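Protein sequences, first through last, are from chains A and B. Here the first sequence is numbered in our numbering, starting from 1 and rising by one per residue. Here the second sequence is numbered in our numbering, starting from 1 and rising by one per residue.
It is possible that part of the hints are untrue.
Heads up, simulated EDC-like pairs for lysine to aspartate or glutamate below, C-alpha to C-alpha not over 16 Å straight-line [stated by the list, open to error]:
id	chain 1	residue 1	chain 2	residue 2
1	A	Lys228	A	Glu251
2	A	Lys61	A	Glu29
3	A	Lys175	A	Glu210
4	A	Lys411	A	Glu377
5	A	Lys228	A	Asp164
6	A	Lys128	A	Glu82
7	B	Lys63	A	Glu377
8	A	Lys411	B	Glu194
9	B	Lys63	A	Glu153
Computed spacing ranges between beta-carbons, pair by pair [as the list claims (entries may be wrong)]:
id	chain 1	residue 1	chain 2	residue 2	range
10	B	Leu41	A	Ala399	31 to 39 Å
11	B	Phe117	A	Gly156	48 to 56 Å
12	A	Lys128	B	Met118	19 to 27 Å
13	A	Gly130	B	Asn38	48 to 56 Å
14	A	Met404	B	Ile87	49 to 57 Å
To spell it out: a stretch of chain A is covered by chain B in this simulated footprint if at least three of its residues, at any positions, have a beta carbon under 8 Å from a beta carbon of chain B; those stretches are [claimed, not checked]:
id	stretch
15	144-156
16	269-277
Everything labelled a hint here was simulated from the structure, so no lab data went into it. Fair warning: this is a prediction, and the values are worked out from it, not measured in the lab. The C-beta atom is built at its ideal place from N, Cα and C for all residues, glycine as well.
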Amino acid sequence: MKTTTFKALALSAATSVATLLGSAAQAVEIEYWQYFFDARVTAMEQLIENFEAANPGITVKMTHFPYADYRTKVAAAIPAGEGPDVVQLFYGWLNDYVDAELIQPLPAEAFPAATVDAEFFPMVQAMKDGDQYWALPTAVRSLALFYNTRLLEEAGVEPPTTIDEMMAAAAAMTKRDGAGNITQVGMTAGMTAQDHHWWREGLIRQMGGEPYADDYTTVTYNSDAGLKALEMYVGMATGDDAITAFGFMDEPQAAFKAGRAGMHIDGSFRIGSLNKTRGLKWGVTELPATADGTRSNYSSYWVNAITTKAEGEKYDAAVKFMAYVTSDEAMQIWLDVVGELPAKPSVGLTEANANNETYGPFIRGLAYANTTKFANESAQRQLMVEMVERITLEGMSPADSLAMAAEAEQKLLDEYYAK
Amino acid sequence: MTLFRDLTIKQKQIVWAWAFLAIPVLFYGIIRFYPTGNAILISFQDWNLLGARTWTGLDNYQKLFADPVFWKVFKNTFVYLLLGTPISLVVSFFIAYHLDKTRFMHGFLRMLYFLPFMTSAVAMAWVWRWFYQPVPIGLFNNFLSTFGIPQINFLNSTTNALPAILAPAIWAGLGFQIIIFMAGLRAIPQSYYEAARIDGVSNWTVLREITLPLLKPTIVFIVVFSSIGFLRIFDHVFNMTTNNPGGPLNSTKPLVLMIYETAFTSFDMGYAAAQTVVLFLVLLVVSLIQLRILRDG
């Protein structure tokens with residue numbers, strides 16, 4: 001009797017220990033890293049919650065950093081065996097991450113290349129190497145023209161569809177004080193924000209030019225089209241009939257949020273923060289076309305990838321998580337929360353999304369969008385900033401300034417691709 | 001243990017001294033000298049933070065000396081130094097000299113001058129950035145426009161931006177220099193002043209013949225200290241020009257900001273390290289020259 005009780009006790013103890021160990025082994029925690037942007041963090045929290053509910057036993061820990069520190073931290077953590085199992089990176093960084101062995105290819109069984117090719121928008125194919133994908137986006141971005149509904153009504157103009165209409169509407173909304181200073185701009189401007197994308201992939205192509213050739217390794221914007229685009233752009237802020245001022249209210253998006261700007265070109269990621277701005281009534285329309293109807297847009301995206309740190313059960317969990325964040329459901333959530341466009345036509349081009357008042361203009365813009373392959377985006381943007389400053393602050397002619405910028409950018413690209 | 005017991009008292013003292021010194025020595029070795037040596041090493045290499053380091057010899061230095069932006073930045077750094085150090089020295093001495101003679105609310109006034117030094121440079125830079133904005137938000141320009149005066153481009157100008165950024169940087173450092181000057185002034189024995197007063201010497205002569213010569217060690221310290229500060233200026237510039245760091249057209253970019261951008265936006269660590277080595281040498285040379293001149297003279 002005594003021994004049986006003891007045996008039973010021992011048995012039950014052993015079983016419960018085994019159960020404990022078993023559940024401990026099942027609870028896998030993987031880490032996800034992205035840079036800090038309010039809406040993106042909120043959206044990812046929702047995705048993680050849904051994913052954890054569908055996959056009991058897997059928990060996902062999200063860590064985010066200011067954009068400025070992001071790359072440094074990723075680079076330091078992964079080789080040390082710390083940090084993320086799934087990481088978010090900009091499409092332009094893929095080569096650097098692959099070369100440094102920070103990420104591993106997605107398994108072909110779970111992400112067959114043929115299926116991805118068929119299901120995603122074609123620009124995603126830049127992430128493909130042979131029959132394997134290195135990384136996949138949840139969302140893509142494009143540009144559109146935001147307008148302040150109240151200011152438009154006050155000036156008695158309609159949302160513009162062509163560049164000429166946009167200029168006229170902007171002129172009608174520009175206000176000046178007694179000393180002649182602009183106190184309300186018809187249109188924001190600043191190469192430091194999204195305008196350098198608009199100029200590169202939008203205006204130059206609309207004027208009949210090509211910004212780059214040879215898969216973005218050769219600068220070709222030092223042309224008539226490039227000059228026309230630059231003169232038009234700088235012309236908006238110069239002369240007595242200027243409809244904008246560079247550096248007005250510090251930042252273009254700040255001026256628009258404060259209701260001091262009639263129109264503003266920005267990316268789909270701005271929707272979330274504009275929605276939160278109290279008292280601002282705004283609408284959005286496609287980037288203006290030329291008189292003959294030519295349109296062009298810029299698109300970019302962030303991707304998620306599995307790092308080389310993820311192994312064993314963490315790897316399996318990471319694959320499941322990747323599958324979820326690239327699912328139709330995740331894309332719809334990302335669209336609703338962040339305002340970034342679904343990376344699959346199956347979600348993006350649904351009746352509801354493509355004709356949505358807010359997202360529609362961006363999604364329709366994807367049809368004629370180009371993706372710049374940057375070697376060093378901030379340095380290349382800086383060249384555009386300086387190109388405009390040489391004209392506005394130092395009085396250089398647009399043609400000379402354009403030539404200098406093209407030469408400097410070519411040098412930068414040559415150095416990057418020579419490595 | 002017997003080993004220690006056999007030592008003479010003198011030797012034991014040395015062992016103890018080194019035992020206590022071990023902590024700062026280790027600290028300096030690991031936290032200061034190892035990264036410094038490493039930075040010098042990286043300056044001869046090519047490294048993008050992610051991949052492997054490759055040896056490139058003097059390439060980074062050749063690129064640096066051929067880079068027009070570097071020379072522009074080099075000039076800016078010295079403009080910060082040559083404007084910042086004398087102005088802050090004169091202003092802080094002037095304030096300290098008069099504050100020292102003031103009895104009314106002395107402590108309170110001293111605190112007011114010291115307050116900016118304790119304030120976060122980032123917060124201060126953003127407030128000044130707002131002051132400098134064009135209408136309709138900038139404080140200064142709104143003031144001008146109420147009188148119908150055309151606005152001044154403070155930050156969006158290749159000529160005005162550097163002085164506009166330097167002004168709050170000088171103001172922020174003033175409190176510290178005033179405190180040091182006042183301590184220096186207090187350290188001068190009163191008997192010299194009493195003797196001068198008995199001889200009926202003018203205030204100006206007292207200042208020139210007694211106060212300034214006896215303040216020399218204080219002045220040397222402040223000049224060297226503030227020079228290093230202005231040569232390393234970063235936070236004011238970066239925070240007042242974040243959209244276009246060091247702009248417009250690099251007219252406000254100091255060397256440290258160029259290093260930061262090369263390292264953390266272009267990820268060209270080798271090139272950044274070469275710039276760092278140049279900054280190190282500049283700081284070394286400037287400090288040595290100042291010590292030599294101000295000590296001997």
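Each hint, compared with the structure:
1. Note on A/Lys228 and A/Glu251: the hinted pairing is violated, with a Cα-Cα distance of about 25 Å set against a maximum of 16 Å.
2. A C-alpha spacing of about 7 Å is found between A/Lys61 and A/Glu29, which places the hinted pair at or below 16 Å, so the restraint holds.
3. Under the criterion of a C-alpha separation no larger than 16 Å, the hint pairing A/Lys175 with A/Glu210 is inconsistent with the structure, at around 35 Å.
4. For the given pair, A/Lys411 sits about 14 Å from A/Glu377 by alpha-carbon distance, which is consistent with the 16 Å threshold.
5. Only pairs whose Cα atoms come within 16 Å are accepted, and A/Lys228 paired with A/Asp164 is accepted, the gap being roughly 14 Å.
6. With a CA separation close to 27 Å, the supplied pair A/Lys128 and A/Glu82 exceeds the 16 Å bound.
7. Between B/Lys63 and A/Glu377 the CA atoms are separated by roughly 21 Å; this puts the pair beyond 16 Å, and the hint is violated.
8. For the hint linking A/Lys411 to B/Glu194, the alpha-carbon distance of about 70 Å lies beyond 16 Å, and the restraint is violated.
9. A distance of roughly 55 Å separates the Cα atoms of B/Lys63 and A/Glu153; the hinted pair therefore is violated under the 16 Å criterion.
10. A C-beta distance of roughly 45 Å is found between B/Leu41 and A/Ala399, which places it outside the suggested range of 31 to 39 Å.
11. One distance hint, 48 to 56 Å for the beta-carbon pair B/Phe117 and A/Gly156, holds here, with the actual separation near 54 Å.
12. For A/Lys128 and B/Met118, the Cβ-Cβ distance of about 55 Å falls outside the hinted range of 19 to 27 Å, so the restraint is violated.
13. Distance hint check: the CB atoms of A/Gly130 and B/Asn38 are about 38 Å apart, inconsistent with the given range 48 to 56 Å.
14. Separated by about 35 Å at the C-beta atoms, A/Met404 and B/Ile87 break the suggested range of 49 to 57 Å.
15. Closer than 8 Å: that is the beta-carbon criterion, and the stretch 144-156 of chain A has 0 residues meeting it against chain B, so the requirement of 3 is violated.
16. Look at the stretch 269-277 of chain A against chain B: 0 of its residues bring a Cβ nearer than 8 Å to a Cβ of that chain, fewer than three, so the hint is violated.
In summary, the structure is inconsistent with hints 1, 3, 6, 7, 8, 9, 10, 12, 13, 14, 15 and 16 from the numbered list given earlier, while agreeing with the others.
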